[in-house]
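Spelled out, the chains give:
Number of protein chains: 2
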Amino acid sequence: MVPHLTTALSGPINELEQRVLESMPAIERWFRLEWMEHTPTFYASVDLRNAGYKLAPVDTNLFPAGFNHLSEEVLPLAVQAAMAAIEKICPEAKNLLLVVQRRQPDSFYLSHLLTLVRIFTMAGLNVRLGTLDETVQEAQTLRLADGRSLQIEPVLRQRSRIGLKDFDPCTILLNDDLSAGIPDRLRALHEQYLLPPLHAGWPLRRKRHHQQAYEEVCKRFAKLLGMDPWLLVPATVAQQQVDLNQAQHVQALQAQVDVVLSRTRRKFKDYGIQENAFVAIKPDAASCSDCVLMVRDAKDLPEILARHGASTRLPQGPCDLIVQEGIPSYERIHDTVAEPVVCLMDRFVVGGYYRVHAGRQENEALNVPGARYVPLAFAQGAQLPRPGETPGVSAPNRFYMYGVVARLAMLAASYELEATDPEAEEL
Amino acid sequence: MVPHLTTALSGPINELEQRVLESMPAIERWFRLEWMEHTPTFYASVDLRNAGYKLAPVDTNLFPAGFNHLSEEVLPLAVQAAMAAIEKICPEAKNLLLVVQRRQPDSFYLSHLLTLVRIFTMAGLNVRLGTLDETVQEAQTLRLADGRSLQIEPVLRQRSRIGLKDFDPCTILLNDDLSAGIPDRLRALHEQYLLPPLHAGWPLRRKRHHQQAYEEVCKRFAKLLGMDPWLLVPATVAQQQVDLNQAQHVQALQAQVDVVLSRTRRKFKDYGIQENAFVAIKPDAASCSDCVLMVRDAKDLPEILARHGASTRLPQGPCDLIVQEGIPSYERIHDTVAEPVVCLMDRFVVGGYYRVHAGRQENEALNVPGARYVPLAFAQGAQLPRPGETPGVSAPNRFYMYGVVARLAMLAASYELEATDPEAEEL
Chain A
72 MVPHLTTALS GPINELEQRV LESMPAIERW FRLEWMEHTP TFYASVDLRN AGYKLAPVDT
132 NLFPAGFNHL SEEVLPLAVQ AAMAAIEKIC PEAKNLLLVV QRRQPDSFYL SHLLTLVRIF
192 TMAGLNVRLG TLDETVQEAQ TLRLADGRSL QIEPVLRQRS RIGLKDFDPC TILLNDDLSA
252 GIPDRLRALH EQYLLPPLHA GWPLRRKRHH QQAYEEVCKR FAKLLGMDPW LLVPATVAQQ
312 QVDLNQAQHV QALQAQVDVV LSRTRRKFKD YGIQENAFVA IKPDAASCSD CVLMVRDAKD
372 LPEILARHGA STRLPQGPCD LIVQEGIPSY ERIHDTVAEP VVCLMDRFVV GGYYRVHAGR
432 QENEALNVPG ARYVPLAFAQ GAQLPRPGET PGVSAPNRFY MYGVVARLAM LAASYELEAT
492 DPEAEEL
Chain B
72 MVPHLTTALS GPINELEQRV LESMPAIERW FRLEWMEHTP TFYASVDLRN AGYKLAPVDT
132 NLFPAGFNHL SEEVLPLAVQ AAMAAIEKIC PEAKNLLLVV QRRQPDSFYL SHLLTLVRIF
192 TMAGLNVRLG TLDETVQEAQ TLRLADGRSL QIEPVLRQRS RIGLKDFDPC TILLNDDLSA
252 GIPDRLRALH EQYLLPPLHA GWPLRRKRHH QQAYEEVCKR FAKLLGMDPW LLVPATVAQQ
312 QVDLNQAQHV QALQAQVDVV LSRTRRKFKD YGIQENAFVA IKPDAASCSD CVLMVRDAKD
372 LPEILARHGA STRLPQGPCD LIVQEGIPSY ERIHDTVAEP VVCLMDRFVV GGYYRVHAGR
432 QENEALNVPG ARYVPLAFAQ GAQLPRPGET PGVSAPNRFY MYGVVARLAM LAASYELEAT
492 DPEAEEL
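From first to last, the protein sequence lines are chains A and B. Numbering-wise, the first sequence is residues 72 to 498 according to my numbering. Numbering-wise, the second sequence is residues 72 to 498 according to my numbering.
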């Protein structure tokens with residue numbers, strides 16, 4: 072199933088798809104060489120937006136929470152990728168501690184955790200779940216709606232190691248994005264592998280750094296393919312220490328909105344794209360779609376803030392923001408706006424799913440309450456890309472392109488974490 | 072689909088299946104550690120025979136020729152495994168030369184080659200096909216029944232490298248088992264990766280070495296699982312320089328047949344197995360199922376030789392033989408005897424298929440003209456093993472066990488090639 076694109080089949084995305092397919096061996100070799108120099112972030116999920124005229128990641132989640140939406144068919148790929156990852160990081164690994172989100176888990180999240188447990192058990196690890204939530208003092212059994220259950224235990228620190236009661240892991244996989252802070256228990260774990268590293272968590276991570284790295288990666292990738300990197304990169308500027316209650320700050324932000332809108336409109340003109348440009352204003356240091364403001368004209372900003380300011384979860388008081396070219400999603404499943412999410416394990420694309428939202432328009436964020444999920448289900452015999460098919464009509468070809476762009480985002484995350492590593496030595 | 076087993080569901084194989092499933096993380100970790108020390112043979116296919124009371128590989132093919140029988144669904148696993156293999160062997164690899172069998176290819180073999188080309192292209196290599204056949208002087212285009220075609224070119228030697236016209240590969244993948252001899256062109260290729268190495272070809276390879284290595288691997292694996300290695304290992308003895316035209320040699324061979332039959336009957340008694348023991352006599356240095364003689368009683372051997380000697384392809388004149396415990400195959404697909412074949416790429420199981428033969432009995436070789444092939448097709452959502460299901464009724468669980476035994480055979484091939492490497496330094 073290729074979701075319906077309202078853009079013409081001859082649009083830039085189809086040219087891009089064709090270019091990507093033709094260059095497959097060169098692209099795979101390029102990634103292979105990149106991964107020799109840069110370490111993947113163990114796992115990730117990447118939200119993409121396909122506007123027909125361009126295709127770009129809008130969120131590179133280093134603590135993915137949607138592996139339950141993967142179809143059963145692709146789980147063997149995830150197991151194989153996990154095997155390859157473990158072999159590289161710590162081949163003698165026996166015990167894996169999976170640290171879960173601190174917020175109260177819903178049934179979907181528990182199902183996601185069960186999927187991760189299955190994957191890592193089959194990859195050859197004893198997996199147990201721990202939480203950093205200090206209110207959890209003893210093991211608790213959580214039940215899913217379908218009757219399955221899992222046990223979550225308090226994470227304990229003993230000297231220089233963390234673990235659970237009677238469970239000493241050599242590898243710790245964080246699925247808590249640390250939004251609630253970095254507990255002291257996690258610091259200075261020099262004897263164990265902590266993946267991803269602490270600075271991948273939101274207390275330290277910044278979207279602007281990811282965006283810089285992504286632009287750098289795309290510039291080189293676009294050179295390889297002889298194409299305009301704009302087809303993959305949303306224009307982005309950062310504005311630090313913005314207090315939305317101060318008129319002066321709002322004016323400065325309006326100026327940035329204008330910068331992004333003008334850049335975008337210039338490109339629209341170059342490409343003959345008949346679209347209304349808009350921007351998304353997002354916090355630089357958090358991953359929440361309901362703190363995103365969409366703005367079509369800088370002069371509307373004060374009014375939008377007045378109208379939506381209270382209902383959004385945009386931080387009150389000075390905060391860092393980014394202003395990013397808005398990418399509409401013209402993919403639809405049964406007339407509902409959809410955006411693909413690609414799941415990665417180590418350097419491999421292991422599958423994906425669509426996020427759909429009946430109550431949202433193509434130029435709005437979909438990752439908000441009410442979203443539903445549809446596995447990127449392929450008809451049998453259709454998983455590998457098929458060079459030679461008409462661009463835009465083959466699901467495997469489309470998904471191959473999505474996988475390439477998601478890997479560009481994952482590679483950018485590697486660059487980003489290298490550049491922001493607080494323990495990196497100065498060169 | 073689990074082919075029907077005529078043995079009771081409570082038989083030893085189901086106990087083995089249960090033990091294997093329960094020990095999954097330990098097994099995967101054991102393999103992971105083994106593969107740190109031993110290099111997989113790049114690719115292989117392993118023919119298994121499931122007798123209900125035991126399960127054993129009967130042929131570990133290091134030049135597999137049945138990848139066309141894999142279902143489309145598992146090809147992404149093969150691509151991912153190929154990526155991991157290339158990354159380890161030669162990450163900067165760009166061009167791959169695939170050296171095809173010298174014998175006249177049929178449509179099935181061409182389809183197999185096309186599958187390999189697809190897999191390695193998608194793993195990021197430029198793939199071209201070459202032949203060592205000296206009668207091929209220029210590129211020839213071969214057409215398949217379905218209209219697809221491929222081009223095969225003569226392999227050229229230039230100084231210390233081989234390649235094709237205008238194609239200089241860094242890696243050469245042999246799919247020719249070298250039965251027709253090792254051409255000088257392939258010797259002393261110190262600048263290129265030749266996979267598998269020359270001594271994996273039949274001019275140098277011996278089944279008895281593989282069997283020794285397999286017994287060693289199984290002894291250690293059985294210890295890990297606390298089980299009798301006999302459940303996985305067919306009793307085997309070797310007899311060298313046998314001339315079947317000399318009565319004295321035939322008598323010596325009869326004595327070996329007796330040795331294997333007695334060992335097998337003793338085990339049948341221990342386990343209470345109601346079966347008629349038989350042996351398979353095979354050449355030590357070739358992979359052809361139609362040179363296999365099945366013998367139920369040593370005293371029948373002269374008569375069998377007189378009756379079948381001329382019609383089999385057993386070598387005339389002195390040759391090395393092995394006498395191996397015969398493993399009946401009690402799997403059936405639609406009342407036809409079937410045996411599973413597991414395909415491996417690098418250290419990963421990527422899929423499998425069943426070889427079925429309507430004209431053969433459960434105690435005969437199936438890899439002879441007239442065999443048909445059925446992909447090990449799994450219903451959607453059923454590929455990963457499912458701990459907790461009743462042993463013997465779950466296809467993914469059965470296939471997981473097959474994958475484990477096939478990997479034991481692949482690991483044995485690594486041990487074997489290390490032990491027989493003519494260039495290995497003496498320790």
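Heads up, some of the hints might be wrong.
Put simply, identical chains are the same to the list, so a pair is met inside one copy or across any two.
In silico lysine to aspartate or glutamate, EDC-like type, Cα no more than 20 angstroms apart, as pairs [as the list claims (entries may be wrong)]:
1) K290 x D314
2) K165 x E93
3) K370 x E433
4) K290 x D341
5) K165 x E108
6) K294 x D391
What the hints contain is simulated information worked out from the structure, not anything from laboratory work.
Structure-based check of all given hints:
1. K290 x D314: For K290 and D314, neither the intra-copy (33 angstroms) nor the inter-copy (70 angstroms) Cα distance is at most 20 angstroms.
2. K165 x E93: between (42 angstroms within a copy, 15 angstroms between copies)
3. K370 x E433: Answer is neither; intra-copy 22 angstroms and inter-copy 82 angstroms both fail.
4. K290 x D341: So K290 and D341 pass the 20 angstroms test inside one copy only (19 angstroms; across, 70 angstroms).
5. K165 x E108: Intra 27 angstroms, inter 18 angstroms, cutoff 20 angstroms: inter-copy only.
6. K294 x D391: neither (32 angstroms within a copy, 59 angstroms between copies)
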